[in-house]
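One letter stands for each residue in the lines below.
There are 2 protein chains.
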Amino acid sequence: MKPGMLMVVSGPAGVGKGTLVKQLMSQRERVVLSVSATTRMPRPGETDGTQYWFKDRQEFESMIRSNQLLEWVEYCGNYYGTPVGHVRSCIAEGKVVVLEIEVEGALSIRKQFPDSVLVFVLPPDLAELEERLRGRGTEAPEVIGRRLERAAEEFRFLPHYDYYVINDEIDAASDVMARIVDTEQLRISRNPDIVDRFLT
Amino acid sequence: MKPGMLMVVSGPAGVGKGTLVKQLMSQRERVVLSVSATTRMPRPGETDGTQYWFKDRQEFESMIRSNQLLEWVEYCGNYYGTPVGHVRSCIAEGKVVVLEIEVEGALSIRKQFPDSVLVFVLPPDLAELEERLRGRGTEAPEVIGRRLERAAEEFRFLPHYDYYVINDEIDAASDVMARIVDTEQLRISRNPDIVDRFLT
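Order-wise, the sequence lines are chains G and X. Number 78 in this note's numbering belongs to position 78 of the first sequence; there are no gaps in the numbering. Number 164 in this note's numbering belongs to position 164 of the second sequence; there are no gaps in the numbering.
These aren't lab readings, by the way, just hints derived from the structure by calculation. Certain hints may be false.
Since the list gives no way to pick one copy over another, a pair counts as held whenever it fits inside one copy or between any two copies.
[To be verified] DMTMM-like cross-link-like pairs, simulated, lysine to aspartate or glutamate; straight-line CA separation at most 25 Å:
hint : residue 1 : residue 2
1    : Lys-111   : Asp-168
2    : Lys-95    : Asp-182
3    : Lys-2     : Glu-169
4    : Lys-22    : Asp-196
5    : Lys-95    : Glu-139
6    : Lys-2     : Glu-128
7    : Lys-22    : Glu-128
8    : Lys-2     : Asp-56
9    : Lys-2     : Asp-168
Chain G on its own, in the form it takes in the complex (with noise of 0.2 Å):
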């Protein structure tokens, strides 16, 4: 059997996270995705437990407080938490758990989990960011600016993730990802029954 493992997936607003880590699901059937609680509200076409949990203010704090979460921030005037759940049964089946989650909770992962692999979605540059925002057509202009700003502020975090992936062309940044999965599943840490074969 292949390693379980966790997969951290970050990147501004825009770039294409969502979409990306959907591909790489259709490509790899190992991997999937863990579905965070939130406070903001659906957007058209979303529904509970599929995008996400969604939570009121009341309910999520309880959440906190009975330790429930994994992790979780306040962004944008909303919570965003990872159910711990299932999380840890999915990883010892073997699967590829991914967290799309931001870099403050990236970091508190990475802590709780040393070997997760932690991935950074990026734009090919800052002009086709906006212009991705721009063209969401979901965000008043005040949001898309608050969405730069803090971009701009994640991207400060570049140096603690593991690898980045240019979401330039679909197919072939999630043929990226696709690669990642497999190369980190080969890693002899991941791997202990190898080298108990081999060490006889």
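Based on these hints, arrange chain X on the given structure of chain G.
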């Protein structure tokens, strides 16, 4: 430009490291082989400067004394070592320099190049390894016995390596090596220019 790096490839005699590295070089033109110096006799078909630089003991010991070797080792009665010459300049040019060396040399390289990638090539199992050593037909039975004992010693170093590659089918194994190269070149620690581009 993609980042240069050093890749150390080890594995027991008979596992097919040489063929694997040759195939990898045909798949990725950035990959170059660092030719080792040795005092062992050339096998039929081997030429000086291609498989090895063939030296007598006096010449080799002179290279040791004048610090022309990154690492060296005496193994089965012969010296093997890595001339430092082109290694550093190739890395600076963005090449992936492959060193095909044994386990003690690999650990010594890791100390001098902490960013180097250590790959251990494994046979599908031990019976297959013995089979391949016999099939090569160039060694006396007692040499084969010694090589198998040595293989058992080498496997003890597995936990110090980054990745394993099982050389069952050459094309598949070479693809895996190529993927390790591609993935390692996406490490943020190897790409300070990417970080600079987004930290404006």
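*Between copies, within a copy, both or neither: which fits Lys-95 and Glu-139 at Cα up to 25 Å?*
neither (35 Å within a copy, 45 Å between copies)
_When Cα atoms must be at most 25 Å apart, do Lys-22 and Glu-128 count as within-copy, between-copy, both, or neither?_
within (21 Å within a copy, 40 Å between copies)
*asked:* Within, between, both or neither: how does the pair Lys-2, Asp-56 come out at a Cα-Cα threshold of 25 Å?
replied: Classified as neither: same-chain Cα gap 38 Å, cross-chain 46 Å, threshold 25 Å.
*How would you label the pair Lys-111, Asp-168 (within, between, both, or neither) given a Cα cut-off of 25 Å?*
Neither. Shortest intra-copy (31 Å) and inter-copy (37 Å) distances fail the 25 Å Cα cut-off.
*Go through the copies and call it for Lys-2 and Glu-128: within, between, both or neither, with a Cα cutoff of 25 Å.*
Answer is between: at 22 Å across copies they meet the 25 Å cutoff, but 37 Å inside does not.
_At most 25 Å between CA atoms: does that hold for Lys-2 and Asp-168 within a copy, between copies, both, or neither?_
Between copies only: 17 Å across chains, 30 Å inside a chain, cut-off 25 Å.
*First find the shortest C-alpha distance between Lys-95 and Asp-182 inside one copy, then the shortest across copies, and answer within, between, both or neither for a cut-off of 25 Å.*
both (12 Å within a copy, 23 Å between copies)
*With 25 Å as the alpha-carbon cut-off, assign the pair Lys-22 and Asp-196 to within, between, both or neither.*
Answer is neither; intra-copy 35 Å and inter-copy 29 Å both fail.
*Taking 25 Å as the upper bound on the Cα-Cα distance, should Lys-2 and Glu-169 be classified as within, between, both, or neither?*
between (29 Å within a copy, 19 Å between copies)
Hint compliance for this structure: hints 1, 4, 5, 8 are not met, and every other hint is.
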